[in-house]
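**Q** Chains as they are written, first to last, in my numbering: chain H, 1 to 117; chain Z, 1 to 107.
Hints in this document: simulated from the structure, not taken from any laboratory. Note that the structure is predicted; figures quoted are calculated from it, not measured. It is possible that part of the hints are untrue.
As the list claims (entries may be wrong) - So these bits of chain H aren't anywhere near chain Z, every CB distance computed over 12 Å:
#: 1; residue: P14
#: 2; residue: S44
#: 3; residue: Y55
#: 4; residue: S75
#: 5; residue: D105
#: 6; residue: V113
Said to hold, decoys possible - These stretches of chain Z come out as covered by chain H in the derived footprint (C-beta under 8 Å, 3 or more residues):
#: 7; region: 8 to 18
#: 8; region: 49 to 56
#: 9; region: 72 to 83
#: 10; region: 98 to 106
For each residue, glycine too, the CB sits at the ideal point set by N, CA and C.
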Amino acid sequence: EVQLQQSGPELEKPGASVKISCKASGYSFTGYNMNWVKQSNGKSLEWIGNIDPYYGGTSYNQKFKDKATLTVDKSSSTAYMQLKSLTSEDSAVYYCARTGTRALDYWGQGTSVTVSS
Amino acid sequence: DIQMTQSPASLSASVGETVTITCRPSGNIHNYLAWYQQKQGRSPQLLVYNAKTLADGVPSRFSGSGSGTQYSLKINSLQPEDFGTYYCQHFWTTPRTFGGGTKLEIK
Numbered sequence: 001e002v003q004l005q006q007s008g009p010e011l012e013k014p015g016a017s018v019k020i021s022c023k024a025s026g027y028s029f030t031g032y033n034m035n036w037v038k039q040s041n042g043k044s045l046e047w048i049g050n051i052d053p054y055y056g057g058t059s060y061n062q063k064f065k066d067k068a069t070l071t072v073d074k075s076s077s078t079a080y081m082q083l084k085s086l087t088s089e090d091s092a093v094y095y096c097a098r099t100g101t102r103a104l105d106y107w108g109q110g111t112s113v114t115v116s117s
Numbered sequence: 001d002i003q004m005t006q007s008p009a010s011l012s013a014s015v016g017e018t019v020t021i022t023c024r025p026s027g028n029i030h031n032y033l034a035w036y037q038q039k040q041g042r043s044p045q046l047l048v049y050n051a052k053t054l055a056d057g058v059p060s061r062f063s064g065s066g067s068g069t070q071y072s073l074k075i076n077s078l079q080p081e082d083f084g085t086y087y088c089q090h091f092w093t094t095p096r097t098f099g100g101g102t103k104l105e106i107k
C-alpha cells in the first residue's frame, strides 16, 4: 500500500525557516517524482514544485523559487521541503503528493505551518 | 503559465441529480488534465486523469470529458458522499496549475 507520511504541525516565528518531511512507503521511491502543494486557509491549491528522487532534479513554480527548497534522502525514502524567510503568507497546509500518470495519485495527510510572532 | 478557470465556484444539488463542473485552461493542454475531490480537513483524492480516465476505485457515476481548452467533470446520480470541493489541474507544462475549486453541497 502506497503511503506518504508527513511530519507534524509547525509553529514558527517570522523570518525563521522550517523543514517538513514526507516519508514514502509501499512503492519504489526513486521511480516517481514527488510534488509539493500549498493550501492556504481552505483556499485553492498551489503547485510549489517537484523533485525527481532518482536524479535529484527539481522543477519549481517561479512563485516559490526563492521560498522553497526540495530535497530527498533516498536511503530513507523521504522527501523534504524547506521554507525560508517565513512570513504570515506562508501559513498554510502543505501536502506532498506523488506524480502518477499525469496526475497526483497519492497524497500525504498534510502538514500545517503557522507563522506567528 | 497556463491559468485554469473553473466554474461554478459553488453549487448545491440534491441526491440523485446530475451535476457538471467545467475547467477552462488558458491554453491547449492536450488532455493532460486531472480532477480531484477534497473533503473538509482531508487531503485531495484523485478522481480522473488524462481528462477522462477514472482512477482506481472511483465510482462509474463520475466521468471526465473534453479536449483542448475545455474540460468537464460530470457526476451522475449524486450521492451524499459526493459533497466536497473539486479541483482540476493540468499536467501539460510547469507550473502544474490548479483551478480555483468548486464547492459541491448536497441539498
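**Q** Taking C-beta pairs only, is D105 (chain H) more than 12 Å away from all of chain Z?
**A** 5 Å, violated
**Q** Examine each Cβ of chain Z, and state whether all of them lie more than 12 Å from the Cβ of S75 (chain H).
**A** 26 Å, holds
**Q** Checking a non-interface call: every C-beta of chain Z should be farther than 12 Å from the C-beta of P14 (chain H). Is that right?
**A** Per Cβ check, P14 (chain H) is outside 12 Å of chain Z; nearest 26 Å; holds.
**Q** Establish whether the coverage given for the region 72 to 83 of chain Z by chain H is satisfied; the threshold is a Cβ-Cβ distance below 8 Å, and no fewer than three residues must meet it.
**A** violated (count 0)
**Q** Does the claim that V113 (chain H) lies outside the interface with chain Z hold up, using a Cβ gap greater than 12 Å?
**A** 16 Å, holds
**Q** Does Y55 (chain H) sit more than 12 Å from chain Z, CB to CB?
**A** 16 Å, holds
**Q** Taking 8 Å as the Cβ threshold, is the statement that the region 98 to 106 of chain Z is covered by chain H upheld or broken by the three-residue rule?
**A** holds (count 4)
**Q** Test coverage of the region 8 to 18 of chain Z by chain H using CB-CB distances below 8 Å; three residues minimum.
**A** violated (count 0)
**Q** S44 (chain H): least C-beta distance to chain Z exceeds 12 Å?
**A** Its Cβ does come within 12 Å of chain Z, the nearest being 5 Å, so this is violated.
**Q** Cut-off 8 Å, C-beta pairs, minimum 3 residues; does the coverage of the region 49 to 56 of chain Z by chain H stand?
**A** holds (count 4)
Violated hints, in rising order: 2, 5, 7, 9; the structure is consistent with all others.
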